[in-house]
Structure formats: C-alpha cells, structure tokens
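**Q** Residues per chain are reported as follows:
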Amino acid sequence: MIRKTRIAVQGIFLLIFLWLFLQTESKGLDTLGWPVKIFLDADPLIFLSTALSGRQWPETFWLALLVMAATIFLGRVFCGWICPLGTLHNLVSAVTRQRSKRPSVNLYRWKYYLLIFLLVASLFSLQITGVFDPISLLIRSFSLAVYPAFSYATRATFGMFYEADIPVLTQGTEFIYALLKKLVLPFQQPLYHQGFFVGVLFILVLGLNLVEKRFWCKYLCPLGALLGLCSRYALLKRTVSEGCNECGECASVCQGCARPDEKEKFRIGECFVCMDCDDVCPQNAVRFGFGFKKSAAGLDLGRRRVIGSVLAGIFAAPLFKITPIAKVGASNPKQIRPPGALEERLFLQRCVKCGECMKVCLTGGLQPALFEAGLEGIWSPVLVPRIGYCEYNCTLCGQVCPTGAIKKLSLKEKRDIKIGLAMIDKSRCLPYAHGVPCIVCEEVCPTSKKAIWYEDVKVVNREGNALILKQPHIDLDLCIGCGICEAKCPVIGRPAVTVTSVGESRSKDHQLLLPQTSNIRVKKSFFRRLFDVFLTSSSNDNP
Amino acid sequence: MNRRTFIKASLVTGAAFTIPGIGNPFINSFYAAEKVDLAVAVGPLPESITRSAVDALGGMKKFISRGDVVVVKPNIGWDRRAEYAATTNPEVVATVVRLCYEAGAKRVKVFDRPCTDPRRSYKQSGIADAAEEAGAVVSFLDERKFRDVKLSGIALKSWPLYTEIFEADKIINIPIAKDHGLSTLTLGMKNWMGVMGGWRGRIHQRIDESLVDLSLAIRPTLIILDAVRILTANGPQGGDLSDVKKLDTVIVGTDQVAVDAYGATLFGLSGKDLGFVVEGAKAGLGQMDLTKLNIERIKIS
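Just so you know, the protein sequences line up as chains A and B, in that order.
So for the first sequence, the working numbering puts the first residue at 36; every next one is plus one.
So for the second sequence, the working numbering puts the first residue at 620; every next one is plus one.
Looking at chain A on its own, in the form it has when it is part of the complex (with noise of 0.2 Å):
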C-alpha cells in the first residue's frame, strides 16, 4: 500500500518535472509562465554550494530551507519520493533483471567525501557542484541530449512515412505527428556540442542500476550526501519490533544502503524512507512512526578521508583557476556570454551548468562550453551566432537562471547590454571584396537606429562598368553583439561579419572605446551599462 503511494507521488513529481521541463520554452510571449526552474530552487546542494562560491543570498532560499527542514523531520524523502532522477533509476532498476541479492558495497561514504570536496571547493569560489547536483545533471543531460536526441528520432520516424506518403497511413502518422508537436516536441530540432558527451555521461549514470540499484544515489549523489547528514535526527523514525525473526527480506527491497536488517547499526541516513522494508516484512514487525529516541548507528566517515577531502577541496580551487584564460585579453575571443551574465570571475561562481538557458535560448545559439572556458567553466553557456544569434527582445535565458549567474533583465535593460561587438571581415564580404550587393546584415540589424549602417561607393568591376555598391559599417557603440548578422551572412563557413567578445559590457577589462563625450545619449548610456553591471553584480541580484 505505501509502496503503492509511493510510486504515484514519485510518478506525479516526475510528471511535474517532465511538464515544466517541456515549459522551458517560448510560446512567443515575453515569460514562460510556468516557475520552469523550482526544482533547482528547491536543491539545497545548489543553494549551499551557491552561497558559498558566489556569496549570494537567492530569493527563492526558503525553497531549499523547506527541503532541508523536511528531511530534517522526515529524513530522506526527497530521495525516494521526490527526486525525478532517483524515480528514474527506479525506473531501470525496474526494467533490468536485477542479479542476486548481493552484500552491498560499502561506497556509501563516496558521496560524503564528494559533497565535502564540492562545498569546500566552493568555498575558495570554484563552482563546479553542478556538474555533480543530481537536478543539475538531469535537467542538462536532458536539454542537451535526451530531449535533442528524442525529438531527432520522432521527427526521422514520422519524416519517413512522410516521404513514403503512403495513403491513409501517412496520414495517420502526419496526424500523430501534429499531435506530438503540439504536446511533446520542441519547436525546432534543438542542437548542441557534447550533445553527445553528455548523453553519454547520462547513460552512464543510468546504468550505474545495472551494477546495483540506484547506485548514483548510495555512493555518488551529492545532495543525497547532504540530505543524509541534515536526516541524522530526523523525528520520523524507523523501529523493528521484538516480532522480527532476521529473516532479511528488508535488506533485500531496501533501496538505499541503510542496512535495515541490522536493528542497531541501520542507517538512518542512508534511508530513502520508502518504506518497502515496512511493506515486504513478513511478521509485520517494521514500523515508521514519529519519535525522539536516537536509535540509528553514528556516520563514521573516517577522520583521515574527512580531512582528505577537505585538502582537496582546497587545492583543486587554485589548480582549476591557474589558466591564462582568466588574464585579460586572453579569454577566447568567441567566448560571449549571455546577456545579464556577470562579469566572468562572478560567473563561474554561480553557473551550475544546469542548461536551462541553453533549453529555452530562442535560436539555440546558447551552446556548452567545453574547455573554452577553462575546466572551470565546463558545460556553461556561450553563444554561437552561427548556430543561433541572440534574439533582440528576448529575456528568457536570465528568467530560467537558478542562480543568477545570467541576472533577470527587463527588456529594456537587455537591449542596452552588449554581449560583443561584431566587426566586418573587408576580404570575405561581398560588397566589399567581390562587388557584389548584399547588405543582409544591414536588414536583420535589430537596434532602433540600425548598428550596421553602409555607404553608398562607386566600384568597377571586372568589365571596367561602374557600379554602385553598398557596404556595410559598424557603429560600435549601437552594436550590441547579437549577432544575428553573423547568423544570417549568406557567407557560409567563415562570414564576413563576426562578433567577439570585446566590448562586452560586462566587462571593464573588454571595453574598446572611450565613451564619447560629444554625444549626451551615448555618455549617458556608457555609464548606466557600467552601472549595471558593476554595481548590481556586486550585491545581491534582484533587478
């Protein structure tokens, strides 16, 4: 009967998870309209380990607070209840044959040893939980791979009988088809580097149940790490009554390492508080009930790998941040980030490489970084006008950012941020090179006093007939980056105009021109972008 409930409120939360994570996309208005990003808000790894490196203090921390309390009450019951990845690995878990009771291993203590390193490491402002926060991983592998990968396969499948065009089926299927794209496909085929590295990282994970069930969640999972130590004196509490005859069935079901056929040395932390030891027991003597008594075996982590972890922690700090990326002017030049990210140094320390903006980036420009960034910056955003420019009047990426590493922007403050500037490659482009008219770039100029702007210049060509051609010229201080002319050159491979970083208004060290004191606009709006970013970066970041 528990076991029963159990599975619908996991089936339920996973549901939840799965309908906002299709809602991390634009239906064309200015906000979501869903709170697509409260599972992350609710983490409190991500809120820990946030407030550590990036000494923040996020608005919606009560989310998280409510976790902890709960577990604090009820010990571990995200893990078992709540958790959509741990729902998932009960998933294959369920799917796959599971071999013969096996003695568990006891690698429980892993995830201690990784949750100290991670906190630790944030403390000296290296941010790199979220490569580990099970809500992080998830919701990443399934931006970037799952999701991708499904809608390539749905959308093969039903191309196919398409192209077949095979009477009455086709149009089945076609009617299928619109069906799924209106409930469960995203609006374009989404399309990312390491798609494919993260899909199998997530695999992987995944698989780990074919080893033993829910593996990532005993010994890796940090947050399970941290929701174990807070479920220490958890008031729900698990008793075996003088009934039981060690028969063992409950360390059989017991999904997590918690030891429940060893009356003193179970261990509470380790309990996912399923409740299947209650359900399987054959003389009915398990019981879950509300009470003060300590009853639960110590954590013994060992002081030695305690310390370990901790020295660890400490020294991947500096050896992640040695790189000369970090001196300026030497970052890559391609790396732009999003608008409203912070200043680099402040937004490694909160980006949790959780890929919601790079989920709901309109153009699916929004890519992950590899090593471009540094280790560090490992699976955090960087914009790639060529696969997709930043979109002018679009603020979604710092609506869907957990941590505030891309702040929330009104649309009138995105507008005057420039992520780079975009500059004109004279020997590649058209009217410049090849006495060709174009102008594209021109057109699809977004800014309200177009950035790119061109003069009219007579040229001979080949034949010795005068022409009359227009090139293109950028007005730095109009051009926000955006990028959508480099998007749209009709320049394939390498175009002709392209955007870098300088002059990135998150950046003191990235500017390029001196503000120009002939003009009152431009003055004036110099110094709000440098307000802005300097001066709300710097505090806590509601705008």
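Possibly wrong hints are sitting among the right ones.
Label-pair ranges, simulated between beta-carbon atoms [stated by the list, open to error]: (1) His-228(A) x Asp-859(B): 34 to 40 Å; (2) Gly-207(A) x Phe-785(B): 23 to 29 Å; (3) Lys-493(A) x Arg-763(B): 43 to 49 Å; (4) Asn-367(A) x Leu-909(B): 36 to 42 Å.
Stretches of chain A that chain B covers, calculated by requiring three or more beta carbons in the stretch to come under 8 Å of a beta carbon on chain B [as the list claims (entries may be wrong)]: (5) 57 to 70; (6) 334 to 344.
Since the hints were derived computationally from the structure, they do not count as laboratory data.
Cβ atoms here follow ideal geometry from the backbone N, Cα and C, with glycine treated the same way.
Starting from the known structure of chain A, arrange chain B on it as the hints suggest.
**A** Chain B only, in chain A's frame:
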C-alpha cells in the same frame, strides 16, 4: 479618366483576368462595365477600409469561390508589435480572413517565414491571434514542405518554395508598406520572400530580378497592401515609433506591379524609383504607369 483611357487601361491590365478561376464570368462581365484596377481606401478603421477597398474591386466573391482553400500571406517578418509597422496590421489580416470565409472559402491558411524567431514574430505582431480568431488556420512553416521549384527566371533558376502556396486554390498577398535598405521599399513583391526556403539572403545579390522571378511564379488572386501604418526609416525591421507614419490606408489590386507602383507614392516616390517595379513591368508582370490605371479612391470617416 475618360472612357477612352479606361478602355486602354483595361486592355493592358486585362492580363489579370487571364488568371484561372477568377470567378463567375457573368459577374466579371457585369463589373467590366466599370472595372477598377486599384482601390485605395482611407479611414480610421482598418476593418472598414479593407472591406470597402475589396468591395470597390467587385467584392471578395469575385475572387474567391465556394470551397476554395485560400492562402493569406501577411508579412510576419519580425518580432515587432503592430504599432511599429514592421508587420502587416493584424486587423487587416483578420478582415481578409473573414471576407474569404464570407465568400465561401473552405479553409483560409495564414503563414509566413519570419526572419526573427517565428514564435515571437507570430505572437508579438498580433497576427496569429487575430487571424486565428477570424477562423484562419495559422501555422508555422514545416521545413519538410519546401520543394525546389523551377523558376527559369533571370536571377533565380530554381529555389525551394513552400508547397502550400501552390496547393492552394487562391492566394491573397497582404504585405505592409515599409522602408528597406537594399530594395528601397518592401511592398507586395518582396513579401514572397516569406515563402522561400534555404538561404534566401542570397537573393539580395540580384534583389530586383529575383523578386520579379518569384512574382512571376506566384500569382496572387488579390494583393491587399496594408498602409494603415507605414515604416519610413530603419526598415524593414524598425523599432522606433518616430519612424512610423499613420496613413490609415489600404490599397487593393490584382496587378502586382501596379500595387507596388502605387505603394511607392506613399513614400513620395514613384514606381520608377523601385528596381523591382521597373523590372516587373519590363517582364510583363504588370502595369507600373499609374496614369493608365483606373484607381478608385474611397474615403471613409
């Protein structure tokens, strides 16, 4: 305009009537007595000027037959709200959709291929909602439905075009009149870029000829040029209300060149200033000399 010039004009523009399926021959001959080439309606309400301009040309029944599948092609090119005059006025679009249904159309489809994000462009322009409310089937373009179409034109030999355009019984083009960096203005003929697939920016290299090639391949039953608001600078995308001029005007015609030539006058230009109009007239697509047209002007207060 006296009778003589009128007869001459109707001979020239009579080509428009060779388009198949234009309606009941009896009704045609009935209206031929006072055939109007262009109707220009001015008034504060987009719906009533659209209706009366179409009526001046003989009413929608003359163009749409019972059971027709009609494609209504507005300009939804950009993520801008209607007041910025970068996209066709949603009320004009909705009115045309209603007129089609009133004339007996089976289905009216509305779509475009925007330059910016389609979701935002459809929504923010107000066109998707307005057209849907009027009963139209509003859809985003399905990338599978582009087919290479042989154009054998001057600039375009073939190009992937949206098949739904060719599957429809009737096509109504509803462009908006706007400034454009390369082609000076964007009016009716340029609106066909919205059914082009592939890297359509490439046609900028021979924009005028390309537009004529397209316009020769796609023959609209009716062109309804929205000039309720026009964009006079920073086109085709705009973004500044000070570049927008309210003209409260709708121009309706069946001749692609004539409509665009008239559109030029809204900006203080003439058809001669627009390369695609000149090329279009040269290719026999239509009449660019406004003096040879019977233009009916309607003012509604």
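**Q** State for each hint whether it applies.
**A** Evaluated hints:
no.: 1; hint: His-228(A) x Asp-859(B): 34 to 40 Å; verdict: holds (37 Å)
no.: 2; hint: Gly-207(A) x Phe-785(B): 23 to 29 Å; verdict: holds (25 Å)
no.: 3; hint: Lys-493(A) x Arg-763(B): 43 to 49 Å; verdict: holds (45 Å)
no.: 4; hint: Asn-367(A) x Leu-909(B): 36 to 42 Å; verdict: violated (57 Å)
no.: 5; hint: 57 to 70; verdict: holds (count 4)
no.: 6; hint: 334 to 344; verdict: violated (count 0)
Violated hints, in rising order: 4, 6; the structure is consistent with all others.
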